[in-house]
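Protein sequence lines correspond, in order, to chains H and F. Under the working numbering, the residues of the first sequence are numbered 88 to 421, in order. Under the working numbering, the residues of the second sequence are numbered 27 to 318, in order.
Careful, some of the hints might be misleading.
Unchecked claim - Partner residues aside, some chain H positions facing chain F, computed with beta carbon under 8 Å:
(1) Ala-138
(2) Leu-140
(3) Pro-160
(4) Asn-161
(5) Asn-166
(6) Phe-169
(7) Asn-171
(8) Ala-173
(9) Phe-175
(10) His-177
(11) Tyr-186
(12) Gly-187
(13) Leu-190
(14) Arg-191
(15) Arg-234
(16) Asn-238
Source of the hints: derived by calculation from the structure; they are not laboratory data. A virtual CB, placed ideally from N, CA and C, is assigned to each residue, including glycine.
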Amino acid sequence: MSEILRLEKIHKTFDDTEVLKGIDLSVAQGEFITLLGASGCGKTTTLRIIAGLEMADEGKVWLDGRDITEMVPNKRNVNTVFQNYALFPHMSVEENIGYGMRLRGVAKSEIKEQVEQMLQLVQLEGFEKRRPDQLSGGQRQRVAIARAVINQPRVLLLDEPLGALDLKLRRQMQLELKKLQKQLGMTFIYITHDQEEAINMSDRIAVMREGRFEQIGTPNEIYYEPKTSYVASFVGDANIYRESGKAYAVRAENVLMDGEAVCIHEAKVVEKSFAGGQLRIVFELTDGQRITANRYGIDADRSVGEEIKIGWKPEAAVEVADEKEEYHGETESR
Amino acid sequence: MAKQSQGRKVKEAKGNRLLVLPIYIFTLLFVGLPFVYLFLLSFLKRAEVWGVDFTFTLENYKRIFSPMYLGNFADSLKLAFTSTICITLLGYPYGYIMARMNKQWKKRMLLLILIPFFTSAIIRLYGWIIVFRSNGVLDKILMGLGLTEKPLKLLYTYPAVVVGMIYALLPFMILAVYSSAEKLDYRLVEASRDLGASSWKAFWTVSFPLTLPGLLSGVVLTFVPSMGLFFIADLLGGNKIVLVGNVIQEQMTKGRNQPFAAALSVVLLILTWLILKLYRNIAGTSELEGIF
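Looking at chain F on its own, in the form it has when it is part of the complex (with noise of 0.2 Å):
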C-alpha cells in the first residue's frame, strides 16, 4: 500500500510539473529570449540609415563610460536613492500602523493607497504638473495663505521629479512592509514590554528588526523601478533632468541608435542585478515580501 501510495505521488508530481509548464514556456519566449535579444543587439552597430548593422562591435559599451552618459547613470542613482529614502520615510509607518488597525480602518488605509491605481499613471501624472506648473493649485494655494509672494516654478525642477517618484512607488514600500508587519507576533512586542523595555525600546529591539525584511524588499521594489520610470523625468523634470531610462528611451526612438539603447539596458540590468544580490547578502533570501 505504502508503494502505490508512492507511486501516486510520483505521478501527481509530474502532473503538477505539466501544469506550470505553460509558465515555463511563456516566461522562455517573452523574457528570456528577449534578454538574449538585447544582449546580442548591444554588440551591433547601427546601421546608416535605418536599422542594425550585423558586425560585431564594443563601441556601445565604450561610449557608455564617457562621462556624459556615466553622468546619466549616476543622476538616476542619485534620484533613486532620495526617493527610495523619502519613500522609506513615508511607507513604513504607513505599512506599520496599517497592519496594527482593526479590520476596518486597514480596508480604509488600503483603499486609499489602492485607488490611484485604478487611473492610469500618465494620466495620473499629468494631475502633478496641475498642481506644480506655475501659478498652478500649490502656487496658488500658497499664495493665497501667504506663505510664498510669487510663482515657485515647481514643475520642471529635481523635487518634482522626486514627488513623482514618491507618488509612483509609495504603494509598494507600504505593501512590503505591511505584509511583513502583518505577520509580526504582537505577544512578541508584549514579551518585550513585560521584560523592562519601553514602547520606543521594544520597537527598535523586536518590531524592527521582525519587519525590516519588508522593509527591505520595498527598498528593492522602489529602488529598482525608479532608475527605470523615464516617463515621470519626462513629464514633471522636463529636459533637465536625464536619467538611464530617458537616454534609452531617446536613443531607440529619436537617435534610432537600437544597439547602443541595447547596451545602455544591458548596464542597467546589471546594476538591478547587483542591487539584489546585495538584497540577498543582507536580508539572507532572494523572496520580496510583499509582492511576490
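This is chain H alone, in the form it adopts within the complex (with noise of 0.2 Å):
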C-alpha cells in the first residue's frame, strides 16, 4: 500500500515540558491506526500537528508527498472530529455537515443532496432542521462524523470521539465506524486510550509513552508480541513476570493452577474477585512477585489464603524490555 502520510521526527514543547520527542509515522493508504496512550502521552497533540492547529517545533509532516509542516489547517486536505464533536450550536444538523461544502463555493443543490447521502450514511435522516443541543450524545457524535466526512478528505483524524458515549453505544458506534472506513476506504487516524477498542478497530496500533512511540504494529503483534513491559501491561491483562534479570509477559488468561502440567510456581491466594463471568485471581509467589490469572468457570475457584502451584506454558512468556515501569493506572475517562 502506498503511503499517504508521514511524520518525521517531530518535536514539540510546550511550557517548558516537551511533550513530543521526535516521533515518526508512517500512514498507508486506506489504514486504520490508532494511537494508544494515557492521558499526557502526546497522541492529542500529534493529531494536531496532523491539522495544523498545532505546529511542530522541529520535524516535518507529509501528506500525498508534499511538505505541509507549515500550511495553515484550513488548506490541508485533512478534517477532525473532535473529542467533544465542537458542532456548532447556532447552525442546524443540515448547515454543520454542509460547513464545509459551502466554504468551498459549492452549488446549494449540490450541497443539499450530499448531505442527505451523508445523513443517510449515518442514519441520522430526518434530523436536518435540529439545532445540536436537541441532539443525544451518539446523534451529535454521527454529526460531527458526517461532518468531517463529506469534505471527503485524505485523512481523518479522530480525537477520542466515542469517549462520552455509554459502553454499549461505545461498542456499536465501534463496530459502524470500522464499517464506515472500510466503506469509504478512507484512511483513519484514530486516538484512544481504551485498548480495547484499539484492538478492536485498528489495522495497526501505535502505543505512545511520554512523547515516544513505544511500539507500532497490529493488533495481534502488540497484544502477543509486546516489545516492553509498558506495553504488555497497556494492552490486556499481562503480568510482568521478573527471572534472573530478565522479565517476562506472562497474560493473565494464560496463567494455569494446579494439576496442569507447567505448574512450577508456589503461590498463595491473596485475593480474588468477580467481574462478570469472570474471576480475577490474584497470587503472591514465594519471592513476593504478584501474578494475576483470569479464568472463568466455577471449577477456577480458588480461596484467599489458599497454597497452590501455578505456571504457564513457556510459549505464553513473551520476553519483554524491562522498564521497570508497568500501565497501573485506570484508564482516563473523560
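Make one complex out of these two single chains by using the hints.
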C-alpha cells in the first residue's frame, strides 16, 4: 500500500515540557491506525500537528508526498472529528454538515444532495433541521463524523470520538465506524486511551508513552508480541514476571493453576474478585512477585489464603524490555 | 423519606422567597411608585406660580408633538445612533480581543477601562472641555504638529458631544462583548478552520454569530442611556445641541413645568421600552449580557 502521511522527527514543547520527543510515523492509504496511550502521552498533540492546529517545533509532516509542515489548517486536505464534537451551536444539523462545502462555494443543490447522502450514511435521516442541543450524545457524534467525512479528506483524524458515550453505544459505534471506514476506503487516524477499542478497530496500533512511540504494530503483534513491559501491561491484562534479570510478559488468561503440567511456582492466593463471568485471582509467589490469573468457570474458584502451584506454558511467556514501570493507572475517562 | 425531603424543599423555597422580599419592596417603593407618580403627573396642569394644578389634561402630550420637541427627539435618536455605531466599532474589537488575551493582559485591558470610573463623570467631562476648547490641548497638539493652522473650535460642536458619549458609554459595550466572547468555545473556531475556513471566514461564520448576543446587549446598554445623558450635551455641546434629556431637565428646573417634564419622560420611557422589545425579538432573550 502506498504511503499517504508521514511524520518525521516531530518535536513539540509547551511551556518547557517536551510533549513530543521526535516522532516518526508512516501511514498507508486506506489504513485504520490508532494512537493508543494514557492521558498526557502526546497523542492529541500529534493529531493537532497533523491537522495544522498546532505547529511542530521541529520535524516535518508530509501528506501525499507534499510538505505540509507550515500549511494553515484550512489548506490541508485533512479533517478532524473532535473529542467534544465541536458542533456549531448556532447551525442546524444540515448547516453543520454542509459547512465545509459551503466554504468551498459548492452549489446549494449539490450541497443538499450530499448532506442527504451523509445523513443516510450515519443514519440520521429526518434530523436536518435539528440543532445540536436537541440531539443525544450518539447523534451529535454522527453529525460530527458526517461533517468531516463529507469533505472527503485524504486523512480523517478522530480524537477520542467515542469517549463521551456509554459502553453499549460505544461498542456499537466502534463497529459502525470500522464499517464506515472500510466502505469509504478512507484513511483514519484514531486516538484512544481504550486498549480494547484500539484492538477491535485498528489495522495498526501505535502505543504512545511520554512523547514517543513505544511500539507500532498490528493488534496481534501488540497483544502477543509486546516489546516492552509497558506495552504488555497497557494492552490487555499482562503480568510482568521477572527472573534472573529478565522480564517476561504473561497474559493473565494464560496463567494456569494446580494439576496442569507446567505448574512449578509455589503461590498463595491473596485476592479474588468476580468480574462479570470472569474470575480474577491474584497470587503471591514465594519471592513476593504478584501474578494475576483470569479464569472462567466454577472449577477455577480458589479461596484466599490457599497455597497452590501455578505456572504457564513456555510459549505464553514473552520476553520484554524491562522498563521497571508498568501501566497501573485506571484509564482516563473524559 | 422522599416525602420528607420534598417537604423540606418546599419549606426552603418559601424561606428563599422571604429572603428576596426586601428587593421586591425596594423595587416597588423606589421604582414602581415613582413610575406611577410620573405617569399621573404627566396628565396634570402646571400651576400658575409654583407646583401642580390638579386638573386632568392631555395638553402636555399634544405639546410634545409640536415640531420643536419632535425635533429634540429626532436629534436625540440621531445622536444615539451615531454614538452607538462608533461605540460598537471601537468596543467590539476591544472586548473580543480582551477575551482572547492571556490572564495578565486581560487584567491590564480591564483596568484601562475601569480606572476612569474612579473619578466623577462630571470631572472627567471637564477634562474633555480642556482638550476640546479653543487653543486647548488638542488644538495645541495639532497646530504644534503643523496639521492645522488655526484653532478648530471643537468645543460645543456635535462631534464633541459624540466623543463625550463614546467616552462615557464605551465600557458598557466592551464588558458586554467581553462576557460573550469569553464564553465562546475556541474549539469551535478550530473546527471551522479544520473544515476549511480562513481565519477571517471563521470569524464571520462562527465567532461573530456566537458573540452577537453580547454585541446586541451592548447596543441596548449604550443606545438607551445615550438618549438621556443630558449633562454631556450640556457640557460639551453648550446649548447648541438640545436632547430630550436636556429639555426634561430644563422644564423641571428653569421651566418649572413638572407635568410637561413628566410627559416627556413617559414618551422617552416608551421609546426605551420599544427598543428593549426590539432587542428581545432579535436576540430571542430578554437577558442582557455583561451587566445583568
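Structure-based check of each hint:
1. Given the 8 Å rule on beta carbons, the hint for Ala-138(H) holds: about 6 Å separates it from the nearest Cβ of chain F.
2. At a threshold of 8 Å, the smallest CB-CB gap from Leu-140(H) to chain F is about 5 Å, leaving the interface hint in force.
3. This hint holds: Pro-160(H) has a C-beta 4 Å from the nearest C-beta of chain F, less than the 8 Å allowed.
4. Interface restraint check: Asn-161(H) against chain F, minimum CB-CB distance 5 Å, threshold 8 Å, status holds.
5. Hint status for Asn-166(H): holds, given a least beta-carbon distance of 6 Å to chain F, under 8 Å.
6. Interface hint status for Phe-169(H): upheld, as the beta-carbon distance to the closest one in chain F is roughly 6 Å, under 8 Å.
7. Proximity of Asn-171(H) to chain F holds as hinted, the smallest CB-CB distance being about 7 Å (cut-off 8 Å).
8. Given hint, Ala-173(H) at the interface with chain F, holds; its Cβ is 4 Å from that chain's nearest Cβ, closer than 8 Å.
9. The criterion of a C-beta within 8 Å of any C-beta in chain F is met by Phe-175(H), whose closest approach is roughly 6 Å, and the hint holds.
10. The interface hint given for His-177(H) holds, since its Cβ lies 5 Å from the closest Cβ of chain F, which is under the 8 Å cut-off.
11. Interface restraint check for Tyr-186(H): the shortest CB-CB distance to chain F comes to about 5 Å, inside 8 Å, so the restraint holds.
12. With a cut of 8 Å, the hint placing Gly-187(H) at the interface with chain F holds, because the nearest CB-to-CB distance is about 4 Å.
13. Checking Leu-190(H) against chain F: minimum C-beta separation of about 5 Å stays under 8 Å; hint holds.
14. A distance limit of 8 Å between C-beta atoms decides the matter here; for Arg-191(H) the minimum to chain F is near 6 Å, and the interface restraint holds.
15. The closest approach between the C-beta of Arg-234(H) and any C-beta of chain F is roughly 7 Å, which is under the 8 Å cut-off, so the hint is satisfied.
16. Among the interface hints, the one on Asn-238(H) holds; its C-beta lies about 7 Å from the nearest C-beta in chain F, closer than the 8 Å criterion.
Consistency with the previously given hints is maintained throughout, with no hint failing.
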